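Novice: As given, the protein sequences belong to chains Z and B, one line each in that order. In terms of the working numbering, the first sequence opens at residue 24 and continues consecutively. In terms of the working numbering, the second sequence opens at residue -9 and continues consecutively.
Calculated directly from the structure, the hints in this document are not laboratory data. Just so you know, these numbers come straight off a predicted model, no measurement behind them. Misleading hints may appear alongside valid ones.
Okay, the calculated beta carbon distance ranges per label pair [to be verified]:
{"no.": "1", "chain 1": "Z", "residue 1": "Lys240", "chain 2": "B", "residue 2": "Val156", "range": "29 to 37 Å"}
{"no.": "2", "chain 1": "Z", "residue 1": "Lys356", "chain 2": "B", "residue 2": "Val117", "range": "35 to 43 Å"}
{"no.": "3", "chain 1": "B", "residue 1": "Lys102", "chain 2": "Z", "residue 2": "Ser74", "range": "50 to 58 Å"}
{"no.": "4", "chain 1": "B", "residue 1": "Arg128", "chain 2": "Z", "residue 2": "Lys240", "range": "32 to 40 Å"}
{"no.": "5", "chain 1": "Z", "residue 1": "Trp371", "chain 2": "B", "residue 2": "Val56", "range": "42 to 50 Å"}
{"no.": "6", "chain 1": "B", "residue 1": "Glu145", "chain 2": "Z", "residue 2": "Pro50", "range": "29 to 37 Å"}
{"no.": "7", "chain 1": "B", "residue 1": "Lys23", "chain 2": "Z", "residue 2": "Phe381", "range": "41 to 49 Å"}
{"no.": "8", "chain 1": "Z", "residue 1": "Leu351", "chain 2": "B", "residue 2": "Pro143", "range": "42 to 50 Å"}
{"no.": "9", "chain 1": "B", "residue 1": "Pro143", "chain 2": "Z", "residue 2": "Glu47", "range": "36 to 44 Å"}
No residue lacks a Cβ here, since even glycine has one placed at the ideal position from N, Cα and C.
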Amino acid sequence: MRLTEHPILNFEKVRGKEVTIYFEGKPIKAYEGETIAMALHAAGIRTFQYSTKKHRPRGLFCAIGKCSSCLMKVNGIPNVRTCITLVEEGMQIERQEEKPALPKTIKPPKWKEPPRIEADVIVIGGGPAGMMAAIHARDAGAKVVLLDENPMLGGQLVKQTHKFFGKREQFAGVRGIKIAEILGEELKRRNIEIFLETSAIMLLQNGEEKLVVGVRKNKELIEFRGKTVVVATGAMERMIPFENNDLPGVYGAGAIQTLMNTYGVKPGDRVLIVGAGNVGLILAYQLYQAGVKVEAIVEAMPKIGGYFVHAAKVRRLGIPILTRHTILRAEGKEKVERAVVAQLDENWNVIPGTEKVFEVDVIALAVGLRPSIELLHQVGCQIKYVPELGGHVVIRDSRMETTIKGIFVAGDSAGIEEATTAMLEGKIAGIGAALATGVASPEWLKEIEKAQRDLEEFRSGPFGRKVLEGLKKVVIE
Amino acid sequence: MSEIPNYLREGYLSVEELKKYVGLPSEERLRQKPVAVPECPQEIPCTPCKEICPTNAVLMEHPNAVPIVDYEKCIGCSLCVQICPGLAFFMVHYLGDKARVTMPHEILPIPKVGEEVVLLNRVGKEVGKGKVVTVIPREKSKGDTPIITVEMPIELAWDVRAVKVVRE
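Construct the entire structure; sequences and hints are all you get.
Specialist: Listed below in structure tokens is the structure:
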């Protein structure tokens, strides 16, 4: 189940030292640097827990710590997010079956005097938006600290093996994985303090001061205090309703990319993809590159939603795209064994007799994302439902400052778009935050204006229309 | 509701659509030397092909415009094929009763010069066999994408857009 050869990636280079973990007592080979969920998957284990009431099997879904389907008992501690927790030699992993009880033998961590980290700008999220915010806030003169709950920097860039669009000065023609490396180097060069495996669980403000409560590695409490905060927490995968959509083997598209592109683990043998937007199309191509058979891409709309060039890439490899088709149900006992799809008429009703059965062990949902705004919600930023931007988003001004002074937003958490726009927004928010703390000189306004022009240009085509409609509803001046 | 073009329903361009949206080089030009043809009919925010072209043969009024190649200015250098993030640029060259098509190839295995490969059309159907005449490996490619040139019967020049390497 592990990939060895790949046209773009070299997994031998990234795999660390071999370690042994134990799943229900059985030894499993794993590599340092990979998460528990990835190691289990490589060993063919798909069921991570059973639902408490109906005892239905549950497996990985999002793989980036945003859903609850991978929670397991690790070294006796329940509800550990195995998708973002790294393996350690000798770890004991167990499936959760009943409502998990806290272990009596393990002492809770002492949280009396948490270390306090102070900065001008606290950046939450180490994806393209967060990294760009940190780099530019630092360049503008601010003391910056960045935290991310994942074990590596880069956000979703670390699984983007395709080349980016846009202008060459905005990394067009460069693969996402490479951009993650480049931005990571830039952070290092600036000596920006980075906290990985650190979840921001609370965002509060006390007068002018902002407080971010972080928990590192599930046990260490850290207090981050700053004058400003940039929230770049990204997005999470959408689910759609169909029969058995909770079976192990139904994944968000991003989870499959994480499995095969970040950790070199084959997600399965035969895949059905739901959704022909850019994510679904790119995923199909990447599965083919990893040697996995894609049976079809189904799309409920009458046309392909993503870039045509991505569609052309997968069609010439023989992968069918069925527009005006939808998934009816998944079938299988413990995991996906089949997918049943059908054609839709012009009123979006299923046309009887058009059912097709695909023998697949993986169903990938590429049906869109919604912004992760929990922290912004909690601290009291004004929120609006804007379907064009993917769901609930925060009101902000043209410098990405929310309705709470000193709290900025950037990237997918500000509205679902591209990594290119996330980077530009990150730049604006980072400089904006540095200006708001008073450390940056007004000269930096020019850089904000340049990024605003670049954004405007990127969004000026037909693909930007919807986003621009959405932005009209949330950007205030 | 505006009419949905067929290529957006099906995911590939027919040769008729290619003529309509992109325009094809003349037979005379195709015989001179390789010429770049963009199979990119949709307005997307993307400009590397225009930025990298050494002779300004790729025309684009604004960053979202569809790239149009001035076939007379094109020198057949293949840089656009190498850099294109959408893997949508190809080169075609007529030589006697053969044609040579240059295309991106990001799939393992990478074919070797002289190797016979299976030719695939725009929907992945096998339409014949061709011989690989040039390989630019990933390390030497401007856009981190290996590109290959494949010789084939001339009548397949406008159908073949991918290859499959079949080894024992």
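Novice: For a quick check of understanding: which of the numbered hints are violated here, in increasing order?
Specialist: 1, 5, 6, 9
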